[in-house]
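Given next are the chains, with one letter for each unit.
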Amino acid sequence: MNPFTYARAQDAADAVRLGAEKATKYLGGGTNLVDLLRETIEQPEKLIDVTGLSSDIQVRADGSILIGAATRNTVLASHAAVRTSFPALSRALVAGASAQIRNMATVGGNILQRTRCTYFYDNAGSRCNKRNPGQGCDAFEGFNRNHAILGASSSCVATHPSDMCVALAALDAKVHLRGASGERTLLLNDLHRLPEDHPELETQLNSGELITAVELPPLPMAARSTYRKVRDRASYAFALVSVAAAIELEGETVKDVRLALGGVAHKPWRAWKAEAALKGQRATVEAFRAAAEAELAMAVPLHDNAFKVELAKRTITTVFAELMEIES
Amino acid sequence: MSVIKDAAQAVMKKAIEIAPDSIMPGGHPDPIINRKHGLIGAPISRIDGPLKVQGSARFAAEFPMDGLLYAALSYSTIARGRIATLDTSAAEAAEGVVLVMTHRNALRLKPTPLFMSAAKAAGGDDLPVMQDDLIHWNGQPIAIVLAESQEQADHAKSLIRATYDAEAGTTSFAAGKAAGLKVGNFQGEPLKHEIGDAEAALAAAPHKVDHIYRTPRHNHNAIELHAATVAWQGDELRIHDASQAVAHMAWSMAHIFGLDEKKVHVSSPYVGGGFGGKTLWSHHVLACAAAKLAGRPVRIMLSREGVYRVVGGRTNTEQRVAIGAQADGHFDALIHTGVVAMSAHNNVPEPFILPAQSAYAAGSFKLEVQVATLDMLANTFMRAPGESVGTFGLECAVDELAVELQMDPIELRVRNEPDKDPTTGLRFSSRNIIEAYRTGAERFGWNKRHLKPGMHREGEWLIGLGCATATYPYYRMPGGIARITISKEGRVKIEIAAHEMGMGTSTAQTQIAAERLGLPIGVHAGSNYHNPPSSVGWGSYHIEDYVAQAQAFQTQLTSLIVEGVFARHPKLKMVMLESGFTWLAPFVWRLHKFWRGIRMETPWVDRPPMEIVHSNIRFSLQPVDAPPDSATLHRLFDHMQSDELILFSTDYPHWQFEGDSALPEGISDDLVRKIMIDNPHATYPRLKQLAPV
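As you go down the protein sequences, you meet chains A and B in turn. In terms of the working numbering, the first sequence opens at residue 15 and continues consecutively. In terms of the working numbering, the second sequence opens at residue 109 and continues consecutively.
Worth flagging that the hints you see were computed from the coordinates, not collected in a lab. These numbers come from a predicted model, not from an experiment. Careful, some of the hints might be misleading.
[To be verified] With the Cβ distance kept under 7 Å, some of the chain A side facing chain B (calculated, not the full set):
(1) M15
(2) T54
(3) A138
(4) G139
All C-beta atoms in this analysis are idealised placements derived from N, C-alpha and C, irrespective of residue type, glycine included.
With the sequences and hints as input, model every part of the structure.
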């Protein structure tokens with residue numbers, strides 16, 4: 015760990031003012047950033063603690079919910095309106111990390127956490143384009159069981175580790191940002207980037223820009239939504255494949271559907287192709303499977319993770335069947 | 109590993125087999141094993157529980173010391189080769205740094221004694237620690253930084269830069285296998301047994317299974333990170349360690365540093381999980397060497413990454429299990445062979461054939477563990493080395509055979525139950541597996557299970573019933589020592605080179621000690637003069653002292669009974685030595701009457717004093733302070749209302765009352781038998797174990 019200074023922001027304006035200086039990082043619960051500091055992967059000169067910013071959860075009349083970025087994961091997961099109106103989000107949150115970590119972790123920090131790729135962390139011993147741009151990638155030919163099968167590039171095959179973001183991606187969540195040049199709003203789906211040739215650039219945030227809130231727009235169909243996480247052990251492990259899904263029927267026909275995948279890509283993966291394939295179809299196991307096939311057709315597995323392709327298809331199919339309460 | 113080391117290990121194993129038999133539970137002469145006080149198995153709370161909850165149980169990295177320095181390790185990033193350049197200048201210049209030790213300035217030390225190569229060897233490998241520029245595994249420490257705080261040490265070590273002349277190491281299992289295999293050695297004996305021609309029997313068998321089972325490498329992951337707080341006091345070394353082997357640790361560190369074993373003091377009162385991994389690893393050696401160089405005490409606590417770098421684990425295995433069987437299930441051939449990975453400086457090839465050596469009868473056996481040599485961290489013991497992963501392979505294959513034979517898997521196991529150890533021919537000291545299967549089957553509802561898998565679903569879970577035989581040998585390790593101290597207040601202190609690793613050892617050991625040391629307490633007249641024997645003060649003549657001693661016993665007994673000693677310790681026995689006993693009956697009558705009248709004052713005295721005396725107090729026979737006629741003696745015993753209170757004794761070499769007659773005249777044969785034999789045996793059961801002289 016390198017020496018750094020520490021300051022606590024009073025409010026968002028204060029944070030953005032402090033955060034405008036160079037080599038500054040915002041500190042939420044610290045459940046990821048502190049590890050990165052210890053490993054000297056992140057070497058900020060200044061930390062701005064933003065846990066004192068808004069942690070309100072506002073349920074609006076139209077059914078939308080505005081969540082302050084400093085809200086702890088545990089608080090959000092156990093919020094009554096979230097549990098009833100957006101169960102996929104609640105389930106995704108409790109599927110992540112451990113109770114202790116969820117008690118510390120903030121919503122804003124969760125979105126901006128960095129990959130857990132072993133080679134990214136192995137500061138002294140491995141090459142990593144995300145950590146040291148242009149250095150090369152040891153994961154590509156290394157142990158890559160946990161790595162990406164969708165949207166990866168030859169420069170980076172890391173995955174985004176968040177469970178919460180997969181649910182947010184499926185639920186069309188928006189991210190409220192504040193920076194030196196003012197406020198703006200992005201869809202969560204547009205916030206994270208695919209690696210392409212610059213895996214060190216992970217989001218569309220500008221320098222010094224801060225996440226102040228996450229907004230869940232009204233989505234009545236989300237009351238029938240869920241999150242399923244498949245991993246090597248039943249707790250405290252990152253997803254091999256995870257699925258956030260919501261479905262709405264008209265008779266036996268799929269009227270609307272939301273689907274996002276975790277553990278498979280550099281960002282929470284919104285499954286647009288599967289959604290398009292399913293809309294207007296009869297809600298059958300065969301249709302779910304076909305939709306999954308459509309999404310995974312573009313998968314490019316690595317030598318240790320080919321199983322993820324079939325695993326993702328099966329998990330998608332099973333999750334929709336479960337939402338429909340039919341046998342898969 | 110060398111032939112000499114193998115031979116040394118074989119000798120060690122034999123020594124272990126022979127030595128401790130004399131104190132083996134249930135063996136000879138351990139005379140008090142059968143004494144039962146009902147303490148073992150009693151549901152008492154963990155004695156370490158409150159300490160741990162309050163945070164006052166002190167673990168290895170929590171011992172405060174003046175001038176303590178904190179250590180951080182820098183690790184190699186190649187698996188094999190030499191250090192070409194090692195730049196520590198930035199680390200040395202960093203704030204708070206006191207010392208950066210590398211192979212260039214390290215103390216000259218002897219190599220680590222490899223576990224099992226000597227009685228108290230505790231090392232995971234036999235490599236010298238930081239003595240040269242050679243790299244043997246990826247993660248080998250190349251520098252240790254000491255600083256005034258842990259954060260300063262951690263930061264400084266991140267500033268160390270190394271380059272290497274890397275050699276082509278062997279780091280993949282496939283490459284290691286291709287480079288050639290050798291037969292593994294475990295505890296000095298080759299892991300290879302062949303009885304009959306198992307391959308031929310397998311080929312000829314009407315039913316067979318033949319599968320490969322693989323298990324991954326397992327890392328040690330105890331909650332408490334490996335840690336030690338070490339200090340030199342002159343030429344003596346104090347190590348507060350997280351250890352599973354304090355005696356081994358002391359001997360091995362003495363060997364490495366060229367010290368007398370008695371100059372190394374290792375303590376480890378609490379261990380936050382051991383699992384076989386908390387033995388001697390290079391961080392111990394480095395911390396002690398750096399502490400010596402810096403002249404200050406050092407605390408080292410490995411990071412979680414550090415544990416994976418420095419502390420060995422269980423190697424991966426690739427096991428072939430093949431069973432040939434008759435239609436009735438009887439095994440014609442049992443083959444369990446395969447390959448494990450090991451480093452060149454290690455002696456723990458995961459002995460996965462141990463279960464197959466004694467689990468089943470078979471017409472022929474072929475059991476063998478082969479070793480592929482890799483440039484990697486040394487293997488070590490981890491939770492049932494051999495049995496754990498070996499059982500997995502063997503028992504899966506037995507189940508596969510049961511499917512092949514369409515036979516109940518328990519029945520298949522029962523049919524192959526051996527009547528003696530199938531590979532050594534030795535009889536079993538205990539083996540209740542059939543009974544365990546029968547009882548387990550009954551309790552689990554085995555006969556209601558579905559024969560096809562996947563038939564029983566509860567929510568999103570598929571529920572199934574399966575079975576497997578597990579074995580674990582009875583290991584005893586040399587090197588321990590125990591000291592038992594009983595104070596005159598009756599407090600027992602037991603000091604043992606064993607470890608409280610979180611499984612309740614200290615609580616169970618306390619119960620065992622209390623059970624087995626449930627000895628009567630003797631109270632002797634005038635052994636220790638602190639107070640005069642009577643309230644009128646010290647006598648001027650012997651006769652005053654002698655006579656007053658009866659009063660002293662009475663006041664002592666009154667105190668013990670009324671203050672509630674026997675309510676707190678109802679099983680406690682006390683023996684009054686040289687007390688006389690003629691005073692007993694009137695004393696007890698008096699005490700008993702007052703108790704009946706005003707016992708509301710002492711509600712904790714929950715039994716009549718008469719009953720307490722009869723159950724808890726005994727008296728030595730001599731000196732007999734009664735007149736020498738049998739009618740009076742019999743009346744005295746009659747007044748005591750018990751013939752079980754008196755134990756034979758002599759007053760040799762004193763003859764104050766009885767001269768040279770050992771027994772008073774005129775007591776009945778029955779009473780003589782009680783006094784001479786029955787009463788002493790009831791009070792001191794060990795006497796029964798002694799051969800008559």
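Taking the hints in turn, this is what the structure says about them:
no.	hint	result
1	M15	holds, 5 Å
2	T54	holds, 5 Å
3	A138	holds, 5 Å
4	G139	holds, 4 Å
Going through the hint list in order, the structure satisfies each hint without exception.
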